[in-house]
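In order, the protein sequences belong to chains A and B. At position 328 of the first sequence (counting the first as 1) the number is 328 in this note's numbering, and the numbers step up by one without a gap. At position 131 of the second sequence (counting the first as 1) the number is 131 in this note's numbering, and the numbers step up by one without a gap.
Simulated from the structure, these hints should not be mistaken for laboratory data. Note that CB positions come from ideal geometry on N, CA and C, so glycine has one too. One thing to keep in mind: the hints can contain errors.
Straight-line alpha carbon distances no greater than 27 Å define the calculated BS3-like cross-link-like pairs of lysine-lysine that follow [stated by the list, open to error]: (1) B:Lys64 to A:Lys114; (2) B:Lys157 to B:Lys180; (3) B:Lys157 to A:Lys114.
Partial chain B-side listing against chain A, Cβ under 7 Å, derived [what the hints assert, rightly or not]: (4) Ala21; (5) Pro61; (6) Lys157; (7) Pro158; (8) Val187; (9) Tyr199; (10) Asp201.
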Amino acid sequence: MKSIVPTPWHAVVAWLAALFLAVPGNAQLPQPGKNAIAASLVAETSVVRPGETVTLALVMKPEKGWHGYWKNPGDSGIETQIAWELPAGLSAGPIQYPVPDQLIVAGLMNYVYKDDYAQLIDVEVPAAVAPGTRLPIRARVDYLACTDEICVPETVNVAVELAAGSAPAAQANRTLFDRFRQALPKPLGSEARFERASDRFRLAIPVPAGLELREPYFYPLTDGALAYAAGQTFSRAGDTLIVETDAPANAGSLPTVEGVLKLSDGNGLSLKAVPGVVPAAGAPLEHVAEQPAFDASAVLAALVGALVGGLLLNIMPCVFPILSLKALSLAKAGGDEGAAKREALAYTAGAVLVCLALGAALLALRAGGVAAGWAFQLQDPRVILILLLLTAAIALNLAGLFELPALAAGDRLAAQGGVGGALWTGALAAFVATPCTGPFMGAALGAALVLPTAVALAVFAGLGLGLALPFLLLGFVPALRRRLPKPGPWMARFRRLLSLPMFLTSLALAWILGRQAGVNGMALGLASAVLVGLALWWVGRRQERGGGWLPLAPAALAAVAAVMLVPTVASAPAQASAQGLLKSEPFTEARLDALQQEQRPVFVYFTADWCVTCKVNEKGALERKAVADAFAESQVAVLVGDWTRGDAAIGRFLEKHGRSGVPLYLYYAPGKPVEVLPQVLTPSRLVSMVS
Amino acid sequence: MKRMIFAWTALAVLAAPAAAAPVVGQPAPNFKLADTKGKPVTLSDYRGKTVVLEWNNPECPFVKKHYSSGNMQKAQAAAAKDGVVWLTINSGAPGKQGHLNGGQAKSFVAKAGARPTAYLLDPRGVVGKVYDAKTTPHMYIVNKAGTLVYAGGIDDKPTPNPADVTGARNHVLAALSELKAGKAVSVATSRPYGCSVKYSDS
Numbered sequence: 001m002k003s004i005v006p007t008p009w010h011a012v013v014a015w016l017a018a019l020f021l022a023v024p025g026n027a028q029l030p031q032p033g034k035n036a037i038a039a040s041l042v043a044e045t046s047v048v049r050p051g052e053t054v055t056l057a058l059v060m061k062p063e064k065g066w067h068g069y070w071k072n073p074g075d076s077g078i079e080t081q082i083a084w085e086l087p088a089g090l091s092a093g094p095i096q097y098p099v100p101d102q103l104i105v106a107g108l109m110n111y112v113y114k115d116d117y118a119q120l121i122d123v124e125v126p127a128a129v130a131p132g133t134r135l136p137i138r139a140r141v142d143y144l145a146c147t148d149e150i151c152v153p154e155t156v157n158v159a160v161e162l163a164a165g166s167a168p169a170a171q172a173n174r175t176l177f178d179r180f181r182q183a184l185p186k187p188l189g190s191e192a193r194f195e196r197a198s199d200r201f202r203l204a205i206p207v208p209a210g211l212e213l214r215e216p217y218f219y220p221l222t223d224g225a226l227a228y229a230a231g232q233t234f235s236r237a238g239d240t241l242i243v244e245t246d247a248p249a250n251a252g253s254l255p256t257v258e259g260v261l262k263l264s265d266g267n268g269l270s271l272k273a274v275p276g277v278v279p280a281a282g283a284p285l286e287h288v289a290e291q292p293a294f295d296a297s298a299v300l301a302a303l304v305g306a307l308v309g310g311l312l313l314n315i316m317p318c319v320f321p322i323l324s325l326k327a328l329s330l331a332k333a334g335g336d337e338g339a340a341k342r343e344a345l346a347y348t349a350g351a352v353l354v355c356l357a358l359g360a361a362l363l364a365l366r367a368g369g370v371a372a373g374w375a376f377q378l379q380d381p382r383v384i385l386i387l388l389l390l391t392a393a394i395a396l397n398l399a400g401l402f403e404l405p406a407l408a409a410g411d412r413l414a415a416q417g418g419v420g421g422a423l424w425t426g427a428l429a430a431f432v433a434t435p436c437t438g439p440f441m442g443a444a445l446g447a448a449l450v451l452p453t454a455v456a457l458a459v460f461a462g463l464g465l466g467l468a469l470p471f472l473l474l475g476f477v478p479a480l481r482r483r484l485p486k487p488g489p490w491m492a493r494f495r496r497l498l499s500l501p502m503f504l505t506s507l508a509l510a511w512i513l514g515r516q517a518g519v520n521g522m523a524l525g526l527a528s529a530v531l532v533g534l535a536l537w538w539v540g541r542r543q544e545r546g547g548g549w550l551p552l553a554p555a556a557l558a559a560v561a562a563v564m565l566v567p568t569v570a571s572a573p574a575q576a577s578a579q580g581l582l583k584s585e586p587f588t589e590a591r592l593d594a595l596q597q598e599q600r601p602v603f604v605y606f607t608a609d610w611c612v613t614c615k616v617n618e619k620g621a622l623e624r625k626a627v628a629d630a631f632a633e634s635q636v637a638v639l640v641g642d643w644t645r646g647d648a649a650i651g652r653f654l655e656k657h658g659r660s661g662v663p664l665y666l667y668y669a670p671g672k673p674v675e676v677l678p679q680v681l682t683p684s685r686l687v688s689m690v691s
Numbered sequence: 001m002k003r004m005i006f007a008w009t010a011l012a013v014l015a016a017p018a019a020a021a022p023v024v025g026q027p028a029p030n031f032k033l034a035d036t037k038g039k040p041v042t043l044s045d046y047r048g049k050t051v052v053l054e055w056n057n058p059e060c061p062f063v064k065k066h067y068s069s070g071n072m073q074k075a076q077a078a079a080a081k082d083g084v085v086w087l088t089i090n091s092g093a094p095g096k097q098g099h100l101n102g103g104q105a106k107s108f109v110a111k112a113g114a115r116p117t118a119y120l121l122d123p124r125g126v127v128g129k130v131y132d133a134k135t136t137p138h139m140y141i142v143n144k145a146g147t148l149v150y151a152g153g154i155d156d157k158p159t160p161n162p163a164d165v166t167g168a169r170n171h172v173l174a175a176l177s178e179l180k181a182g183k184a185v186s187v188a189t190s191r192p193y194g195c196s197v198k199y200s201d202s
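Next up, chain A with everything else stripped away, as it sits in the complex:
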């Protein structure tokens, strides 16, 4: 036996090692006639109303191993140059760059884009253009494409055909452009201060003390302000973030310093700093953003974290029942060592594979530029509904309503030597475990999201391995198994008991569904759960007489219908809204319209976690009792738009009101034009506004 057992282990280890060592091959010179960075021009809409602005995107797709440059390229490189050929009267604005990445090559800093990126340009169409006029737009684009080794200047001629129209155009590429805009830095709004003292550059940025900063880095737009390759130290003193780094040699005096503060992956704030006093360094932030964190210790920590997290998942209410059941079935199996080991390995493989699949899907989404946390699947009410039905069915099974072939002895799946059943159980355990990962796994998974793909996948594999570890131990260490309680009638009782945490999980999922899809969505979910329960009960009754699973079919169909029907527009509550006195709802234009239809006065405000002015106004004016009372008396509805992550719909609404950022305070009194309030609020101003 011993000679066989190590083989799968070796395979797993070798495979993990392969994941680690999978370094991208050296990029080759681009083929003649083919650019290393493919560039194309896309318009948000092909029909523009005269007098309005159309946004164009220069979409850049670097080949693997190549990168393009930010506006300030860093120690070397150049920015993109566009020579426009526009129809008479049209004018193109400056290139808007997304938040870049850092790349240090042999001690020189480059500010680059390694993945696909889009540079946005606003083009104004004058009001004098007659509707129906064709507007061909051409441009010659020069940019630099580099690998770590070489640089190639590339040129591409791009074109896009627009037309002037009288009606508002269908926004064909809106989703795409929403994603592009989300990658742009958001204007901070408040002014920062900088000072230079004894070869050091110091910068004070006003951001709320409570703002989470995962991997901050200050990308300077102004050349000569700081030494690009030098490490940046971050510290906090109250509502001020202090950046310290080396000043460059030959530094002259600068009237202003502009740049982008990266908060976390893909989220940045553009800011302008003027000379001024920068407070002494405050509480240090545990980050020296010298270069992307990819050292062995960080990877090891993430792996260990994932493993421990996976282990902890075993005692989660949504996993423990499954593990216990497997342990029980193993105890039942008796003394066959080979079977136990095979089953343990199959379970492990199932758990690891599902974790890897989830991780791969997450990474694919990440690559697609979709903001997604680990529980990304939980952001979709449809997935929640499926999980709800699944947990309800498992709970009913545990409660003894019916028997599952895979888990019950003597059935078909179990008859396949238990390996197929074990694989399936492992997969199930991993899939069902996802709702529990959030609190335990946040750190390791956050790390996985910023790690290179191969390492991130290894972290997910570690999670699955940790999940499977207890069962693996049971399979390989018979001594442990002997410590397992002896099988007996207590097992059935224990199994009934285990249905309780599973029912609680269903309850939690129903609650999440309610939060995401509203009361109707929750009712739909619960109704389909009842339907599935009924069908399973019927199945159970038939099972007693040797019947099959046929009755489940209509219930399954109904469940599928419910999944299709459940509202997928997740109205996540605004995180930035204070949970204090003022009752508020998340902002949507539809809700605003509805409230106005009801002739209700509506107060709308837009905020973000990184906006100090917003937080000051919320604490100092909005969350005052006098204001809450006055609002309640006049039945003022309050809508809050959270722009922390640059929600595109909110961005468009802000733009419509002539703002590029937050805060924005609007008051809609019935039958009156909207009132735009000043950026600094006082309680008395708010009270007099509504009375």
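Use these hints to put chain B onto chain A, whose structure you have.
Quick look at chain B alone, frame taken from chain A:
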């Protein structure tokens, strides 16, 4: 080990502190490098003459811009006419783009019709790092007293397009003529542009 000893010896030769980048208006750090024939060249040997330092990587598109257009050769010839010393330095590490050995460097100079006083090899990047040379080209001017009077780009058109040579302000030629006229250099620093210097990774 041999490589480390060499690096330390090279560092020891240098008069200026190695850590800080050279500052315009301060003494230029001294160095000693081998030319294409292996003959050592020391900066301080040219005290009393104006010296131009040019960082070079013949395969970099930005360097090619100034050599294919003849812009760099013209500047070198103009400098030579006025008795200005022109040292072209290659800090590319072995195995990296643009690294040249003595023979290759000699043929590059010949083929390009370049007119430097010497083409110096800095394969370990020691001098490049002391001067904080970041791009190719990256230009420096040391005056007759050994003071650094210019650091930055060759001109004010940061593109790889040879057509942009015409109409650009050549900072180096402008500074040299100001120095010749006994005036202060009006543009003493500018942003260098080009490819990154292909230093060794270690």
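So, going through the hints one by one against the coordinates:
no., hint, in the structure
1, B:Lys64 to A:Lys114, "holds (25 Å)"
2, B:Lys157 to B:Lys180, "holds (24 Å)"
3, B:Lys157 to A:Lys114, "holds (26 Å)"
4, Ala21, "holds (3 Å)"
5, Pro61, "holds (5 Å)"
6, Lys157, "violated (10 Å)"
7, Pro158, "holds (5 Å)"
8, Val187, "violated (11 Å)"
9, Tyr199, "holds (4 Å)"
10, Asp201, "holds (6 Å)"
Violated hints, in rising order: 6 and 8; the structure is consistent with all others.
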